[in-house]
Structure formats: C-alpha cells, structure tokens
Amino acid sequence: MSTHASADTPFVIGNREFGSRLIVGTGKYPDNEIMVRAIRASGSDMVTVAVRRIDLDRTREEGILYHLDPGEFFLLANTAGCYTAEDAIRYARLARAAGFNEWLKLEVIGDEATLLPDTQATLDAARVLVAEGFKVMAYTNEDLITALRLEDAGCVAVMPLASPIGSGLGLLNPYYVRAIKERCEVPIIVDAGVGTASDACLTMEQGVDGVLMNTAIAAARDPVRMAAAMREAVVAGRLAYLAGRMPTREVAVPSSPPLPE
Amino acid sequence: MDGKVTIRLNGKAREVAADITVSGLLDELGLVPGMVVVERNREILARERYPTVRLSEGDQLELVHFVGGG
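Protein chains in written order, with our numbering: chain A, 1 to 261; chain B, 1 to 70.
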C-alpha cells in the first residue's frame, strides 16, 4: 500500500511529463471566454487544436491563439476532418510549421456518418509522420491489433475511442480498452465518446493512462462546471483503479458484525 | 511596377500587385505572420522567407491557422 493516498506514477508521453491525465479539446464552446475558463477548470495542461484555412471573407477572423496562451497550455494539433493519409500528412506538416511543437493527434476518418477511424490509413500516415520526427498520438478504434500496430509504428500514445466522436455514449467496450491497455507499452488515452463525469471515471477505472474529451465539456449546459466535474472524475477513476476495487458478489455480505444471539 | 497578377488565395482568385511579397500580402489582409502558416503551390513556406518571396501569376496560396478542435 502506498504511503500517500494519492501517490501515482508520473503521466509521461514521449518523454514529456504532464500534470493532468485529462486532455481537452477547444472546439464547439459557446465563446472563447467560456472556453478558457473551462480549460482552466479542467486542470488540463494539454489542449487540442485544429488547423484550418483562414476564412478571408469574414471581417476579421481570429485564430484560437488570440485567446489561448501557448505558454500556459501545451498545444496538440489534430488532423481532424482528414479522410486520407495524404491529407492527414499535409495537415500535420502545416501544424508543425506553426512552430510550437512536433506533436500530433493523428486522426484519419473513414466514414462520415459515424466518424469512425480509417485504421489502415491511420497506420500509413503514422509510419510516414513518425519517420519525419513527429510525436504521434494516434486516434483509433478499440481494436487491439490496430493498437499494437500503431505502437509498433512508433506512435508515442495510442488513443482508442470510448464511442463515436461527439456521441456522448460513454465507454461502450471496457473489455477491449482493457485488453489494449494490458498489451501496449505506450500510454493509452481514451479519446472520444465520453459524455459525462461518470463516463470519464469509469474509463479511468479500466486502468488507461488518460482521457481526451471535447464535446462532453463544450456542449454541457455549464461547460466550466462540467470541466471541474471531469477533473474530479478523472482523478477519482484513476485512484479507484490504483486502489483496486472489491470483488463483486451475487450475494449480500453484511458490513457490520452480527448481533449477539 | 504597378502591374497586377492573379493568384489563387484560399481557393479563390485574387488580384494582387505584381511584385508583392508574402509579408506584403499578409499585411494587406491584416494577418499577423506569427499566427499564420503559408503554403505556396503545395509547399510550406518558412516564416523567414515571407519578406523575400514574391508572388507570381497563377501562384496557389493557402493560409491556415489554428482554430478550436477536439
């Protein structure tokens, strides 16, 4: 048993240590002020951003960096919206050229209706990007074989989904996620599908290293409060995993001593 | 030189001064160079080259930046 109730190993991805096991997105917030307050409330130190063509027709579109200090948060660029390995590689290079870091959330989508990943294209892109020096955190489905191949390709983290992006359906396949965690050496971060705090907690209880979410916070009625809830849920789930849950039983067992006869 | 050239900027045709640099164009658009990544004819242009690279007829320019995303 640990000497300190909350003692844990550091959360390290690709030789970099992060303070929080919760990674949050920056999309779909009602406004930028709420976004920044929510991210701070989440306690996250890594946030995802997307790369997009500047809309020159708008009077003055401001990029997210006018609101988010890259000194305060570690920026993880994504390749969201890419449907081919070629597009993902192109957007990865554009993201790196922004000059912050060589980290990437690699995402290659295979189907518009479900936004499920194209795992073959993800693998193809991962191999190219790892060779180019990117630190690739790969979004994938909860398939063990793909996870092992992504690890083998040199990804610094494998990120299986809990359920489809933006669905809020929670962790649909805890067994598959546990299998991935048990077999991979690299950090496993569950990315996408968490809907509320209990989903985040249950996900962390599987023993995974972290959780990445966006819509669950951004689309909550009160994003700042939900961000605070997620922070607690991720810590609680992690501690419960480390503590080791009691066995489940099909019969009741009294907690108090029996009364004298 | 007060000639004009037509480039393709973020997918749309745009007339610019014939000898305009990338820096000049960003200035004209009110964009901060440090916040923008420029792709010229599908090749990423290093920021230190913005002041010296001049645009030519038919150049394809993509200006991208970071936006919110998950």
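Just so you know, the hints here were simulated from the structure itself, not pulled from any lab data. Some hints could be false.
As the list claims (entries may be wrong) - Result set (EDC-like, lysine to aspartate or glutamate): computed pairs, CA atoms no more than 16 angstroms apart in a straight line:
(1) B:K4 to B:D59
(2) A:K28 to A:D45
(3) B:K12 to B:E62
(4) B:K12 to A:D57
(5) A:K181 to A:E151
(6) B:K12 to A:D55
Quantities reported herein were computed from a predicted structural model and do not represent experimental measurements.
Any hints from earlier that this structure breaks? Give me their numbers in increasing order, please.
2
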